[in-house]
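Engineer: Residue strings, one per chain:
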Amino acid sequence: MTTSPWWVDEDFWRKMAIWVTTLMALVLIGLTFDSVTQITAGSERVPAYSVINHRIYYRWDDSRNFQVPVIGDPAPLFGKSLTEIEAEALVSKGKITTQAKNCMNCHTLLGNGAYYAPDLTKAWLDPSWGAEVVREQLMIQFLMDPETNARGFGSTRKMPNLDITEEEARGVVAFLKWMSSIDTNGFPRNFTPIAQEGDR
Amino acid sequence: MNARTLDSSHLTGGQKLAIKYFTVAVILFTAQILFGLISGYQYLAPEFGYNVLDFNVTRMVHINALVLWLLYGFIGGIYWLVEEESGTELVGLRLANFAFWLLTLAVTVVVLVFLFIQTGPGDMSTLWLINEGREYIEAPRWADFGIVVCMLIFFWNIAATFMKGKWSGISGVLVLDLVALAGVYLAGMVYTPNISVDQYWWWWVIHLWVEATWEVLVACIMAWGLIKTLGARRKIVTTWLYIEVAMMFGSGILGLGHHYFWIGTPEYWLSIGGFFSALEPVPLVAMVVHAVYDSGVHKFKNSNHPALAWLIAHAFGNFFGAGVWGFMHTLPQINLYTHGTQWSASHGHLAFFGAYATINIAIFYMALQKWRGNVYMSAGLEGNGWKWKWALGLLNGGVVGMTIALLISGYDQAFIERALGGATWAAYFDAQNGVWFIQGLWWRQLFGFMTAAGLIILIWDLLTIGRNEKRSIQLVGDNTAAEVTS
Amino acid sequence: MFEPVEIDDLMIAVIAGALVVLFGALYAFSFAMAKLNKERWITVVACCIFAAFSASVFVLARALHLDGYWQSITVAMLLGYLIAPQAIWKLSVGTHESSD
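Chains as they are written, first to last, in my numbering: chain A, 1 to 200; chain B, 1001 to 1486; chain C, 2001 to 2100.
Looking at chain A on its own, in the form it has when it is part of the complex (with noise of 0.2 Å):
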């Protein structure tokens, strides 16, 4: 009995299995820290609500080997430009909106969710929406009925009639605005944006 080695004795390992989890969890929380202060709204990855008023279109980076958003010349949302506040109370009602409809059991949110429809990670520049001018209009009209404003592209899923208000639906445009500005390291990948007046 007094022969085993110190490695395979229970004491050594129930120490090893608390030293490593302490480890380990010390450093995630080091890294939380630093990570959420780099995607606090109004960092350089997650730039602040008020990008809203802004173009966002993306250029490929070379250093980074992806493309990255940039926000460039005024563009207001529906035409007004926002102060932080009122742009970060329009997004929060859209940001409640798509979790109080459920969005996420359908689509993807930055590559999470469901896959039954479209990622939305970039809706916002999705080409399909044609041209820049009739784009906010088109997508406020597609959230309150989308039944008859289905798209289709070739198969039957259509999304259902959520109910969706004006006022939700002006929220969640400008929430897909704003999502659409993050630094996401370029996912998804060779993404072809909306033609935009400007671009390049």
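Treat each hint with caution, since some may be false.
[Stated by the list, open to error] Below, in silico cross-link-like pairs of lysine-lysine (DSSO-like), each with a Cα-Cα straight-line distance of 30 Å or less:
no.	chain 1	residue 1	chain 2	residue 2
1	C	Lys-2038	B	Lys-1235
2	B	Lys-1301	B	Lys-1164
3	B	Lys-1389	C	Lys-2090
4	B	Lys-1301	B	Lys-1370
[Unchecked claim] In silico negatives: residues of chain C with every beta carbon more than 12 Å from chain B:
no.	residue
5	Ala-2028
6	Arg-2040
7	Ala-2052
[Said to hold, decoys possible] If the Cβ cut is set under 7 Å, some of the chain B residues that face chain A in the computed set are:
no.	residue
8	Asn-1056
9	Met-1060
10	Val-1197
11	Tyr-1242
12	Leu-1336
13	Trp-1425
These are calculated hints, taken from the structure and not from any lab test.
Yeah, the Cβ is synthetic: ideal placement off N, Cα and C, and Gly gets one too.
Got chain A; can you put chains B and C on it based on the hints?
Structural biologist: Then chains B and C, alone, in the frame of chain A:
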């Protein structure tokens, strides 16, 4: 001919309570499969349930029933073992029973609201009363508090019972893990308009449950199961439990990084997540060595064949689901294309089933053995044990089939939508309309029915196994010695 | 910085990834069998499987462009899958002997 009845006088108070948890677990498992079949069918026939019971509802019930039946199984499993493990009676049985009914009532109300009210207006009242709209943790805020209260009662009961009786290595790990499991849930209860911050904490709940605390919880129940069914020695089992905790938390906690590639979080997560993801399968692989050593050196007999078969299914399911299927698409170089496609669904099906569903089913069989009065469950059961064998085959075959079918669809989607198509909505639908994609979904549906058939036979078997059995449990290993000396 | 897989290499990367874990497990299995049965031919088989494992790692590393920092992942995989089975074997023998 006196048939063996289900005799609860064999059971301790905690075990009677465990049976209640197991019963609800099986009902929720059935709900999971049923709503899985419906949501799978909606891919093939989108008009089915349109504007009545839409995909977002059926899929939400599918995944929530999954989370809940697994949790019910775990809680039941712990109540089952706590009294034997601590050597004393449960300190608050009445309160524990109250918590069970409270939790079950809350779950029932939540599911009914999901099904019949579904969604609400875009303000906080919906998040409080109807639906929080965050995948896997959709339960509205009022239910979150109910769940926390029930979990606190559960935690207090378990910890206080061990405190009154005796502690062991297994119970120490178990109680600490329950603290972490409950604590992490709190991270998912906050509202923020910032989707990046939202998903940052959301992954704390999902990942640190599924790839860390649940794994350790299951390892505790497994450790106890090995002592009971294989007669493994406690000292060895406990040492290995510690080794596993070190390996699982060592690779799993920072493995969280592979969910932080694309949600706005800094680039260093690519390096951290990539590195730990590459190492995550290593413990799984290394444990093969231990399994070979054990089976080769000890040539165990065992007292419960169905349970052991499900534990073996667990080993394989976990290895393929978490190990192979996880690693295939986890490095950022490839995940950039596969993230948010059916690929994740493929991995999810096999990993959840292999890692957790199998374990719960094994526990059900162990519980039933005792409930039927320590009935014989070794080789040569009535009808050669065809029911449990068919259930095992159909459930595993069904899930593996769905996994492979979804992988084909996922590959097709990643290739057409992401690699070729420019990841637009038009590209998304190009992939969804693809021949291979649709074929994959048809096969998934077929294997879904196979899984459902397996579930029906499993329930039939759980209700009948041992009923006409006259032999008693065949004790093995250290348990025989214990039986003789006590 | 990372260089995503080329479209044409997607299938190769997926298969190589699966083979890494599968060969890793097969190696662990054959290694343990060789230890258990003390037969030379099983050791040879185990070595061959490890060679196949290493080949899968290299194919994966090439397909995924694991250069620079990412080379550490290649090394970690090669070492991890080699050392872990040995360590677990030693622990298996050690823990069982010490409790006898």
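Engineer: Now tell me, hint by hint, if it's right for this structure.
Structural biologist: Each hint tested on the structure:
1. Of the supplied pair hints, the one linking C:Lys-2038 and B:Lys-1235 holds, its CA atoms being roughly 27 Å apart against a limit of 30 Å.
2. As the CA atoms of B:Lys-1301 and B:Lys-1164 are separated by approximately 34 Å, the hinted pair breaks the 30 Å bound.
3. Between B:Lys-1389 and C:Lys-2090 the CA atoms are separated by roughly 36 Å; this puts the pair beyond 30 Å, and the hint is violated.
4. Among the hinted pairs, B:Lys-1301 with B:Lys-1370 is consistent with the structure: their alpha-carbon atoms are about 18 Å apart, no more than 30 Å.
5. Consistency note on C:Ala-2028: stated as away from chain B, yet its beta-carbon is not over 12 Å from all of that chain's, at 4 Å minimum.
6. The Cβ of C:Arg-2040 sits about 17 Å from the closest Cβ of chain B, beyond the 12 Å cut-off, so the non-interface label holds.
7. Distance to chain B confirms C:Ala-2052 as a non-interface residue, since its nearest Cβ pair spans about 14 Å, more than 12 Å.
8. Annotation: B:Asn-1056 was flagged as interfacial toward chain A, and the flag holds, the nearest CB pair being 4 Å apart, inside 7 Å.
9. A hinted interface residue such as B:Met-1060 counts as satisfied when its beta carbon comes closer than 7 Å to some beta carbon of chain A; here the least separation is about 5 Å, so the hint holds.
10. Interface restraint check for B:Val-1197: the shortest CB-CB distance to chain A comes to about 6 Å, inside 7 Å, so the restraint holds.
11. Annotation: interface hint on B:Tyr-1242 holds; nearest CB of chain A at approximately 4 Å, less than 7 Å.
12. With a cut of 7 Å, the hint placing B:Leu-1336 at the interface with chain A holds, because the nearest CB-to-CB distance is about 5 Å.
13. With a least beta-carbon distance of about 4 Å to chain A, the hint placing B:Trp-1425 at the interface is held under the 7 Å criterion.
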